[in-house]
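There are 2 protein chains.
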Amino acid sequence: MINRQIILVKRPEGMPGEDCFKLIETSIPSPTKGELLIKTLYLSVDPYMRFRMGKGTSYISAFPLNEAITGGAVGEIIETKSIKFKKGEIVTGDLLPWQDYSVLNNKEVRKVDTKIAPPSTALGVMGMPGLTAYFGMINIGKAKAGETLVVSGAAGAVGMIAGQIGKIKGCHVVGIAGSHEKTEYLIKALGFDGAVNYKRKSFKQLLKAACPKGVDIYFDNVGGEISDAVLKLINYKARIVVCGQISLYNLSKIPPGPRREMELLSKRALMEGFIVMDYRDRFQKGLLELSEWVMKNKLKYAENIVEGLENAPKAFLGLFSGENLGKQIVKI
Amino acid sequence: MINRQIILVKRPEGMPGEDCFKLIETSIPSPTKGELLIKTLYLSVDPYMRFRMGKGTSYISAFPLNEAITGGAVGEIIETKSIKFKKGEIVTGDLLPWQDYSVLNNKEVRKVDTKIAPPSTALGVMGMPGLTAYFGMINIGKAKAGETLVVSGAAGAVGMIAGQIGKIKGCHVVGIAGSHEKTEYLIKALGFDGAVNYKRKSFKQLLKAACPKGVDIYFDNVGGEISDAVLKLINYKARIVVCGQISLYNLSKIPPGPRREMELLSKRALMEGFIVMDYRDRFQKGLLELSEWVMKNKLKYAENIVEGLENAPKAFLGLFSGENLGKQIVKI
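Residue numbers (this note's numbering), protein chains in the order written: chain A, 46 to 377; chain B, 46 to 377.
Don't take each hint at face value.
Each computed EDC-like pair below joins lysine to aspartate or glutamate, with the alpha-carbon atoms no more than 16 Å apart [what the hints assert, rightly or not]:
no.	chain 1	residue 1	chain 2	residue 2
1	B	K376	B	E348
2	B	K131	B	E80
3	A	K298	B	E308
4	B	K282	A	E334
5	A	K282	B	D323
6	A	K244	A	E229
7	B	K244	B	D273
8	A	K78	A	D139
9	A	K214	A	E308
10	A	K152	A	E80
11	B	K312	A	D323
12	A	K156	A	E121
13	A	K160	A	E134
14	B	K376	B	E112
15	B	K298	A	E308
16	A	K312	B	D323
17	B	K258	B	E226
18	B	K253	B	E226
Here are some, though not all, of the chain B residues that point toward chain A, as calculated from beta-carbon distances under 10 Å [to be verified]:
no.	residue
19	P57
20	G59
21	G62
22	I185
23	P257
24	Y281
25	P301
26	R305
27	R313
28	E317
29	D323
30	W338
Hints listed in this document are in silico derivations from the structure and should not be mistaken for laboratory results. Where is the CB? At the ideal position from N, CA and C, for every residue including glycine.
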């Protein structure tokens, strides 16, 4: 049985290219006691993986060179040596290798409840992106009815869920995205009150017009000049949820920007960075509420599915050019 | 009875000069029902007044031109038409005119308890600066024993109290100030664990050496490049209390600086602006705790007293060149 695998062969400087990755063929061992043989069904590509390709950060280690990339994935158990799992069960994990088959310890995966939503959603609305949106909105954004929420990267996996949670909480929700197709989707399919294409020349004016009462919560996935425009509109006691800064991840040197403190001071506003893993002990609670919203159809999700393990690098790189609408997934 | 008064005659661009102010002579009306005739004893000069000299901000109105400057002051009642106050009592208020005598409604002032500390402290440790340090440290800084607190503007009225509250809470406290005299004072008189002169060439290295465990709380009165150096040292879950940005107040255009979001994200840190008036409903609780600390000698205070109403503008301008050690007060 051939096991294809994607390994990291080069650390990028600036924007990564496909030459950082290599598809190799390898073999798979048999599972021993407590282990599972898993056939990979779906891989997740996520912006944070850019840090792992480089030197890593204080909170996340770098991918080792010449080893398989690891990340969120969903698979099916095809052989089990653990009493906790049965053959045919669908499982997910956050650090699974990019390969056709994996032998994993039973502690590295958890079961996916396919009665709530299809297996792939374990990588999106019912997984890390959903939980990221949930904890950012609930614990930092603290959305209240009648407030205005702006979401950058609003057509991405996290952004579209954050915006919909704002709608569930009764906010006026405005999304920022990079194409007309995306802004139309946010308004027509997801019920956003407004959506602005940041590539338009009149972006600043359009954003201001979409937020007639100013901005109370800014859920930021993007950073940079898009944030500069939003920050100009914040209200007294605004909350700025710093979830991602995708516009800056591939810059070898981040150019300076407006100093935020004067704005935060004059508006008595809060800006807080977080990562979803900080809330690990509350994941069950978050997933329960997300699943209720999904089942009641209050929370819709979109997936952008690319077929084939060999296309995983391209799908990952597409995140930085904004090619995905919704959660970018690779189907194996 | 001649009543000297200081009025605003010009709004400054950039750094204000003494030519923005004018000393005039006027007369005082007699108090009518509910009013008090008050002899001014002490005036407070505070950095935030710079905003009032200009166009004001969203939360504080501009001083009207050709009218008396108003601010915190302490006075003695020399005539009363209010049953709530007796002649000879010491009172304070936040919006009292810069003049020798004032006729004020009894609601514009509150009594000063001179048993706790001398009357002038109503403008410092037992007044707005003390409360500012208190609420910033307690509600945003949330100092815990063993953490490292860095305070910028540490030899100023707010900074030296914020640092001492950090010591009371068991923190390793490092102050940043602008002279050797000030850093010596912070360490020797106030018990700071470290103090660094930001004017020294090796400032960044000295700051890093003074914070061997990184920075958990940054109480920022200053902003700009001093903050850039502190932000490089922040720890996981750091809190940045944005209390003031005095280094930027007199700039007609604020130069760009490092984008904070990447740092806040990677450290999951929080940055929050506040002004003391946001906590108005909790002032009594704050003053009670501050007074207990003062009486137990856990909280020391320093005052820099200038004599003469005519010197109030100069004392105010001195704030921006860092001339004061402790609370800058004008004695009338």
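Cross-check of the supplied hints:
For the given pair, K376/B sits about 11 Å from E348/B by alpha-carbon distance, which is consistent with the 16 Å threshold. At roughly 12 Å between alpha-carbon atoms, K131/B and E80/B fall within 16 Å of each other, so this suggested pair holds. Of the supplied pair hints, the one linking K298/A and E308/B holds, its CA atoms being roughly 14 Å apart against a limit of 16 Å. Between the alpha carbons of K282/B and E334/A the distance comes to roughly 26 Å, so the proposed pair goes past 16 Å and is violated.
Pair hint K282/A plus D323/B holds up; C-alpha atoms about 10 Å apart against a cutoff of 16 Å. About 14 Å separates the Cα atoms of K244/A and E229/A, which keeps this hinted pair within 16 Å; it holds. About 14 Å separates the Cα atoms of K244/B and D273/B, which keeps this hinted pair within 16 Å; it holds. Between K78/A and D139/A the alpha-carbon distance is near 22 Å, which puts this suggested pair outside the 16 Å criterion.
Using a Cα cut-off of 16 Å, the hinted pair K214/A and E308/A is violated, with the two alpha carbons roughly 26 Å apart. Only pairs whose Cα atoms come within 16 Å are accepted, and K152/A paired with E80/A is accepted, the gap being roughly 9 Å. This hinted pair checks out: K312/B and D323/A have alpha carbons roughly 11 Å apart, not beyond 16 Å. With a C-alpha separation of about 10 Å, the suggested pair K156/A and E121/A falls inside the 16 Å cut-off, and the hint holds.
This hinted pair checks out: K160/A and E134/A have alpha carbons roughly 12 Å apart, not beyond 16 Å. A distance of roughly 21 Å separates the Cα atoms of K376/B and E112/B; the hinted pair therefore is violated under the 16 Å criterion. Of the supplied pair hints, the one linking K298/B and E308/A holds, its CA atoms being roughly 14 Å apart against a limit of 16 Å. For the hint pairing K312/A with D323/B, the CA-to-CA distance comes to about 11 Å; that is within 16 Å, so the pair holds.
About 26 Å separates the Cα atoms of K258/B and E226/B, which puts this hinted pair outside 16 Å; it is violated. Between K253/B and E226/B, the direct Cα distance comes to roughly 21 Å. Violation of the 16 Å bound is thereby established for this hinted pair. Interface hint status for P57/B: violated, as the beta-carbon distance to the closest one in chain A is roughly 17 Å, over 10 Å. For the restraint placing G59/B at the interface with chain A, the shortest Cβ-Cβ distance is roughly 15 Å, beyond the 10 Å limit, so the hint is violated.
Residue-level restraint check for G62/B is violated (minimum Cβ-Cβ distance to chain A is 23 Å; threshold 10 Å). Hint status for I185/B: holds, given a least beta-carbon distance of 9 Å to chain A, under 10 Å. Taken as an interface hint, P257/B does not check out: its beta carbon lies about 17 Å from the nearest beta carbon of chain A, beyond 10 Å. Interface hint status for Y281/B: upheld, as the beta-carbon distance to the closest one in chain A is roughly 7 Å, under 10 Å.
Hint on P301/B holds. Least Cβ distance to chain A is approximately 4 Å, under the 10 Å limit. Here the hint on R305/B is kept, as its CB sits about 5 Å from the closest CB of chain A, short of 10 Å. Annotation: R313/B was flagged as interfacial toward chain A, and the flag holds, the nearest CB pair being 5 Å apart, inside 10 Å. The interface hint given for E317/B holds, since its Cβ lies 4 Å from the closest Cβ of chain A, which is under the 10 Å cut-off.
Given hint, D323/B at the interface with chain A, holds; its Cβ is 6 Å from that chain's nearest Cβ, closer than 10 Å. The closest approach between the C-beta of W338/B and any C-beta of chain A is roughly 26 Å, which is over the 10 Å cut-off, so the hint fails.
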